[in-house]
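Since the structure of chain F is already known, use the hints to place chains L, U and C with the ligands on it.
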Amino acid sequence: MTAPAKEQQAKRPGRDLLRYGLLGGQSRLVFLILIGVFALGSIVFGSTFYGAYNLKTMLVYNSMFAFMALGVTFVIITGGIDLSISSVAVLSSMLAAWFSRFGLLPALFLTVLIATLIGLFNGWMVGKLGIQPFIATLITFMAARGLALIAPKIFAIYLPALFPNVPIEFWNANVADYSIGIDRTKNFQSITGEIWGIPIPIIMIVVAYAIGAIVLGYSRFGRHTLAVGGNEEASRLMGLPVVRIKMAVYAISGGMAGLAGVILASRSGTALPTEAVGWELQAISAVVVGGTLLTGGQGSVVATLFGVLLLGLVFNILNFINAGGFSLTVYWQSVVRGVFLFLVVLLQSPWSTHRNRPSRNSQRPGSVSHGNSPNASGS
Amino acid sequence: MLVVFNIIRIHNLISNTPTFIERGTVNVEYARALQQALSVNLTQVATIVIVGVGMTLVVATGGIDLSVGAVMAIAGQIAPLIFLGPIADRFGMGVANFLALTVPIAVAAGFGLMNGLMVTKLRFQPIIATLVVFIGGRGIAQVLTNGYLQPFKNPSFQYIALGRPLGIPTQVYIMFAVVLLALFLVRRTAFGRYVLAIGGNERAARLAGVPVGRVKTLVYVISGALAGIAGLIVVAINAASDANLNGMNMELDAIAATAVGGTPLTGGHANIVGTLLGALLIQLVRYSLISIGVPYEFALVVNAFIILLAVYFQRQRAA
Amino acid sequence: MDSPDVLLQMRDICKIFPGNVALDNASLEVRRGEVHALVGQNGAGKSTMIKILTGAYQRDGGSILFDGRAVAFRSPADAQHNGISTIYQEINLVPLRSVAENIMLGKEPTRLGMIDWRKMNATAGELLRHVGIEVDVTRPLAEFNIAIQQMVAIARAVSFKSQLVVMDEPTSSLDDQEVETLFDTIRRLKANGVAVIFISHRLDELFAICDRVTIMRDGKTIETRDVKNIRKLELVSRMLGREIGEVQRGATSFTRAGERTAGETILEVEGVESDTILRNVSLDVRQGEIIGLAGLLGAGRTETARAIFGADPITAGEIRLKGKLLRMGSPANAIKAGIGYCSEDRKAEGIVPELSVADNMVLAALPHISRNGLVSAEKRRQIVEEFVRVLGIKTSSPDQPIRELSGGNQQKVLLARWLCLHPELLILDEPTRGIDVGAKGEIQKIVSQLAENGVGVLMITSEIEELTEGSDRVFVMRDGASVAELTEGEISQGAIMTAMAAEAGSHSAEGEGAGAQGAVV
Amino acid sequence: APTAAPTQQQGSGETQAQAQPAAAGNCKDSPTPPPLAKKDTYKVGFSQVETNNPWRIAQTESMKAEAAKRGWELVYTDAGGSEAKQIADIESMIAQKVDLIFMAPRSEKPLAEAALKAKAACIPVIMLDRDVDHSIAAPGKDYVTMIGSDFVKEGEMAAEWLAKATNNKAIIIELEGTVGSSPAIDRKKGFDEAIKKYPDMKIVASQTGDFARDKGRQVAETLLQAHPDATAIYAHNDEMAMGAIAALEAAGKVPGKDVIIVSIDGTKDAAQAIIDGKLGATVECNPKFGPKAFDTAIAYANGETFPAKIVNPDRFFDSTNAAAYLPEAY
Ligand SMILES: Nc1ncnc2c1ncn2[C@@H]1O[C@H](COP(=O)(O)OP(=O)(O)OP(=O)(O)O)[C@@H](O)[C@H]1O
Ligand SMILES: Nc1ncnc2c1ncn2[C@@H]1O[C@H](COP(=O)(O)OP(=O)(O)OP(=O)(O)O)[C@@H](O)[C@H]1O
Ligand SMILES: [Mg+2]
Ligand SMILES: [Mg+2]
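Protein chains in written order, with our numbering: chain F, 167 to 545; chain L, 479 to 797; chain U, 10 to 530; chain C, 844 to 1173.
Next comes chain F alone, as it looks inside the complex:
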């Protein structure tokens, strides 16, 4: 494993957040690309693009990806992956919509709690049953989507049948066919409102990422997460509670997806079970674009944020490109997105940053990581 650039450059670890959470070598690169893309958009499209309105709405939309990506960053650092986040988010949005009758805080709390428990279930499958993360979370991915589709029936049919004493109106409010509407008389939607002109989701993101960065850099849990990803067997032998750590990261991932679900429900006012298709890949791409390797053992929370913003900007710009007489079909947009992902990953890959330091002393079992193929650039 070629030591990551950020580890090579910083002199004193623990000096500050800059090293452990914030600007590592990789995230600096992403940051530059981010600035570049933003500048380009601003030059081409002017104030409609860089204006506060566009930025605000763009950020609020991407806050959902930001939460999911933050959670999944922790999972990826342990060398795992969480495909279930999109399904968990959509199920959470259904729940949040139904819970909205109790007001914002109870809805938020209950939803995130349930989502966390689902994440915990992932962690249990991975940590306790030893099922590979991809498959374990694929299972939840299917099941949670199914439950999201069933959710309206649960509230409209099953629960009323189970509790015949509760007045039927209690269960049925706002449940229609496959969707669940939020209760607009309560303050639920204030979560996507604004404080001092700043949308609350943006504030939440800043806070969440700050906490995430501190946890990763300065808490035992964070360091242990990195250790587990770096060498699980060693971590176990060194006495780390590997299973618990794994369960925790999946729980975090679930909880963050739950948060994304709450925002989703609040923003649309009606929760649809067919929402959020493919968002897991969007969130995971953001993590990767940020520079975190899927092989685990390293990663940066802030880099993930940059990744989310970068992908968000690209999407946003694609909408703008459609404006000028010439229009890019959605098909071409996919092609462009594929090429863009390719370029960003290329810029960060060892192919362009590799310094030819063969990595023979690392104990990491080779296989999937791209760091340990000393030969490919050999001749």
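It is worth saying that the hints were derived from the structure and are not from the lab. Incorrect hints may appear among the rest.
[Said to hold, decoys possible] Covered, in the sense of this in silico footprint (three residues per stretch, anywhere, with C-beta under 8 Å from a C-beta of chain F), are these stretches of chain L:
| # | stretch |
| --- | --- |
| 1 | 594-605 |
| 2 | 618-626 |
| 3 | 730-737 |
| 4 | 778-786 |
[Said to hold, decoys possible] Subject to a maximum C-alpha distance of 27 Å in a straight line, what follows is the list of computed DSS-like cross-link-like pairs (lysine-lysine):
| # | chain 1 | residue 1 | chain 2 | residue 2 |
| --- | --- | --- | --- | --- |
| 5 | C | LYS886 | F | LYS222 |
| 6 | F | LYS222 | C | LYS871 |
| 7 | C | LYS1135 | C | LYS886 |
| 8 | C | LYS1045 | F | LYS319 |
| 9 | F | LYS319 | C | LYS871 |
| 10 | F | LYS319 | C | LYS1039 |
| 11 | L | LYS631 | C | LYS1111 |
| 12 | F | LYS352 | C | LYS871 |
| 13 | F | LYS319 | C | LYS1040 |
| 14 | C | LYS1007 | C | LYS1045 |
| 15 | U | LYS116 | F | LYS294 |
| 16 | C | LYS1111 | C | LYS1096 |
| 17 | C | LYS1135 | C | LYS940 |
| 18 | C | LYS907 | C | LYS940 |
| 19 | C | LYS940 | F | LYS222 |
Backbone N, C-alpha and C fix where the C-beta goes; we use that ideal spot for every residue, glycine too.
For chains L, U and C with the ligands alone, coordinates are given in the frame of chain F:
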């Protein structure tokens, strides 16, 4: 594994052919029902198995291929472009059909090559490399006809899906041929050993002289080509190419089949027969649930649970 | 119970793995403050015994008394909390994390719930100095060589104020100076009343530091003796289960160098540089010669081997094989050209753990035993049978996954991987590391035989005896450059040591105190 | 109504340079949708929900073609089937200061919020093919109107035709659209309700075929196995009907004879299948919104008012008129 499979199959037949049982059927009818149920299941599972075999090889090297669905769409889109286009007029239908069966597979293999080169030369992580094609590839397929479907009627081309030599659908032959070839590849050839060695310990394999880059690339090429074949089958059977939906979610089916079949995603093993059985299990569960009228959303949950069980027992056995 | 100073009592321990019985009523008794050696051939069950003690494996029978209490640790963490810390045979650390984190993992100092990095680095640095090493603890562990990683593992184990420290082959990747510092550490532990279980195949070490020794064979404990009261020869004969006369011979089993005749030059390395650490390496190997490559840790011997083998690119200089310039850039081509390379890092670069013994053995030979890509089952079987027999590989069947073999037997399989290719030049990087005396002798004999058959052997070893007794010539490396060539008559322990350590003033071969800095990177 | 809302924007005293939010106060609480200035050409937005099926493709093409014909600038976005993305798309249209937004909302309910946002930014909205929740955003108040088909009605028409074709006696397999999507829900509702009138018409199985030919075929294959006595298939769209035809043929049955099929959309393939006798009938659900949508916009600028819903008159095709329809089918 096999036991579960058999139990389900038998249960399946009993529960799915109520009419036969009601009528107090004789063996002949039961046999016909069995043959038909088998035929439907094998037809439907064929594409998953074909793609799953490629996936199994990729997974055995420690990689993963998310691009198979998109590659299916591309291959499926190209075939009608060829036999509906000027080539058919200029050189005749025979040539056009030949090209329609070969060019798309070659192009699909080309995308596999691209995946392989991204993984080996540019050293992208496999998920990411194939995610690029997953995202961009479907776009390419759609761009080819601007998203439009291409309906057609071309019996000789469609023979790969609608043909019934000896009463068995052609795609079932293709499926078994692919399985047998892959089995042979894994068990008997040096290439097969290399695949497993790379998945087991890539650095060690390299130092033992294994041409790691070439083997890995080739595995993605195979996966791409097999996805191409599957894409053609889908198009042929539907008498229309649909770039928007052809191969949708195929990567998940193929990966699930691989994992349920007992090939760990960590690499170093390739259980080809397992993949066949895994796909059959998934297919049979799906078939049973649909035919007994379980709504889609419940079926999803049940499916998830069965995969969990299957994977759990696989893991137990491996441990 | 038996006597008050008994700290650990393992009785009638059984452990059955699918296909073989690893431990068969084995027992072990360790007293407070003693250094207790555990010896035995590869696969005798030493590591398994340790893993059962620490809860890494669960036992199938027997009892463990620790500090007067019956215990059954559920996990290594559990054992650690109860006063047993362990250095496992394969270094088990986290390469991407810093040295400090590796040492302090699980007991990081915190302030207000947040990790106190300053304190952590300071403490880690302090702990490392205690085991005689001074490195930048903020660097990722992966940047350091195996020896330093081993010292980090030792520092970590010692840092737990444990009653018992278990060391499973801690010295296999250390050079003499480092071994000496380790011994200092062990003596310090002992002085503090800490007991140490010490496993090593280097018998001299156990005579130097251990109080008592327990001998294991085939999963059973044969006996426990005071080290004072047993002679080396007797120990070896007990380990191997053979008569003393049978085992009596020199320190190594190399045939005398003079009995071989060197043929024409196979390998010439001239002025090779790399962007790893090599700067100006020159050496040559002739047919039928065993060339020793000596150097302190970090001198660049492994890098040289890898450069010759095409595993690392070179930036300057020339490598010629039988006069032909090698421009290969990949191990595959090197192998085609007739070179074999047995890596020093068995786990990371040698075995493919999930594959069978047979598959691991023939991995490099596949092109030779297959036609049109089809592997010949017959040729494969022949090779495997031959080498399992010749090298005495202890395996339940050629189809057993190699990960289930003991370290030493894994090493033999890897040797077989190269031997079956009949290379013209074989590079062996620490071929006898972690191998029991019996197997070691066999391997040394095999190496000699290879040379007699005209193979050129380039042997990297940290054991001076192997260099002095085995080599026809010795090249000495220092700081990435070849600095001396010693021919027949000149080869002696002293000469090699002098050449290895001379210059640079930082250390001398003997000076322990200053010498410790030899490991500074 | 007086026009030119986008230009008068001194509004709030803040130094914000942003046009839309600043002017918001004027439009947000107005009892009518924001007005549309009379101009020669407009910059209009079209927020498409997804483009992954022939119907949507035809709709998009129709909108684009119409814009090109009239020389209007069309800001086109595709939400890829996600309501959240569609809300963001509409926000980005607001940022781009379009004059009017055509919205094909993801679903009847959620996009109401987005309509309100557009209103607040003084941009009138016209809904296409699906409506939004009137309790949140009302036509004539928060958005101009909705142009579209009546999915429930389509289902009813299919049911009635089938009843006639089978002499009120059928064993029916229903192939549903994407679970949770509004056409699937409504087409099921319409059909199932209508069929209840006929005691001898029984739906024995109803499963989703995802509006897709391949999935429709697979589900049909399976259901035909389970219900070999089925005599009719109702598919929520033509694509699935095509799949069902393939499934029948593979099972050795004659579509149109052994099993009668009815579906919805009116695609070219469907028309051809009717001519070939394989498909019984299809209810048109015309995707060619372009001319009507743009005409409505101009009429709105001219001050006309509209009903809450402008229903697209959907035609019905069976063996009597399919051949005549074929040339114009999409
Ligand atoms: N996980 C395992 N599964 C199966 N067999 C095992 C396993 N671990 C060890 N063994 C077997 O148990 C026996 C004892 O192995 P162990 O590693 O304890 O030997 P050792 O004395 O430490 O040898 P060495 O000196 O080579 O390290 C060997 O025969 C080995 O093959
Ligand atoms: N992965 C790596 N990253 C950074 N530095 C490394 C790495 N591997 C080795 N080095 C450094 O390269 C130098 C050479 O070490 P190496 O272990 O190859 O020497 P050697 O002479 O082969 O010693 P030995 O084989 O006895 O351990 C050392 O300074 C070591 O710290
Ligand atoms: Mg051992
Ligand atoms: Mg070395």
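Quick rundown of the hints versus the structure:
Using a Cβ-Cβ cut-off of 8 Å, 10 residues of the stretch 594-605 of chain L lie near chain F, which meets the minimum of three, so the contact claim holds. For the stretch 618-626 of chain L, the stated coverage by chain F holds: 5 residues have a C-beta nearer than 8 Å to a C-beta of that chain, and at least 3 were required. Interface restraint, the stretch 730-737 of chain L with chain F: holds (4 residues with C-beta to C-beta distance below 8 Å; minimum three). A count of 7 residues in the stretch 778-786 of chain L with a Cβ less than 8 Å from any Cβ of chain F is obtained; the coverage claim is therefore met, three being the minimum.
This hinted pair checks out: LYS886 (chain C) and LYS222 (chain F) have alpha carbons roughly 23 Å apart, not beyond 27 Å. At roughly 19 Å between alpha-carbon atoms, LYS222 (chain F) and LYS871 (chain C) fall within 27 Å of each other, so this suggested pair holds. A threshold of 27 Å between alpha carbons decides the hint, and for LYS1135 (chain C) with LYS886 (chain C) the separation of about 17 Å falls inside it, so the pair holds. For the proposed pair LYS1045 (chain C) and LYS319 (chain F), the alpha carbon gap of about 24 Å is at most 27 Å, so the pair holds.
Note on LYS319 (chain F) and LYS871 (chain C): the hinted pairing is violated, with a Cα-Cα distance of about 36 Å set against a maximum of 27 Å. In summary, the hint linking LYS319 (chain F) to LYS1039 (chain C) is supported, as the alpha carbons are separated by about 22 Å, within the 27 Å threshold. At most 27 Å may separate the alpha-carbon atoms for a hinted pair to count; LYS631 (chain L) and LYS1111 (chain C) meet this at roughly 14 Å. Of the pairs offered as hints, the one joining LYS352 (chain F) and LYS871 (chain C) holds, with about 21 Å between alpha carbons and a cut-off of 27 Å not exceeded.
A threshold of 27 Å between alpha carbons decides the hint, and for LYS319 (chain F) with LYS1040 (chain C) the separation of about 26 Å falls inside it, so the pair holds. The suggested pairing of LYS1007 (chain C) with LYS1045 (chain C) holds, with an alpha-carbon distance near 14 Å, which does not exceed 27 Å. Taken as a hint, the LYS116 (chain U) and LYS294 (chain F) pair is honoured in the structure, with Cα atoms around 24 Å apart against an allowance of 27 Å. With a C-alpha separation of about 23 Å, the suggested pair LYS1111 (chain C) and LYS1096 (chain C) falls inside the 27 Å cut-off, and the hint holds.
At most 27 Å may separate the alpha-carbon atoms for a hinted pair to count; LYS1135 (chain C) and LYS940 (chain C) meet this at roughly 23 Å. Distance check on the hinted pair: LYS907 (chain C) and LYS940 (chain C) sit about 19 Å apart at the alpha-carbon level, within 27 Å; holds. For the hint linking LYS940 (chain C) to LYS222 (chain F), the alpha-carbon distance of about 15 Å falls within 27 Å, and the restraint holds.
In the structure shown, a violation is registered for the earlier hint numbered 9 alone.
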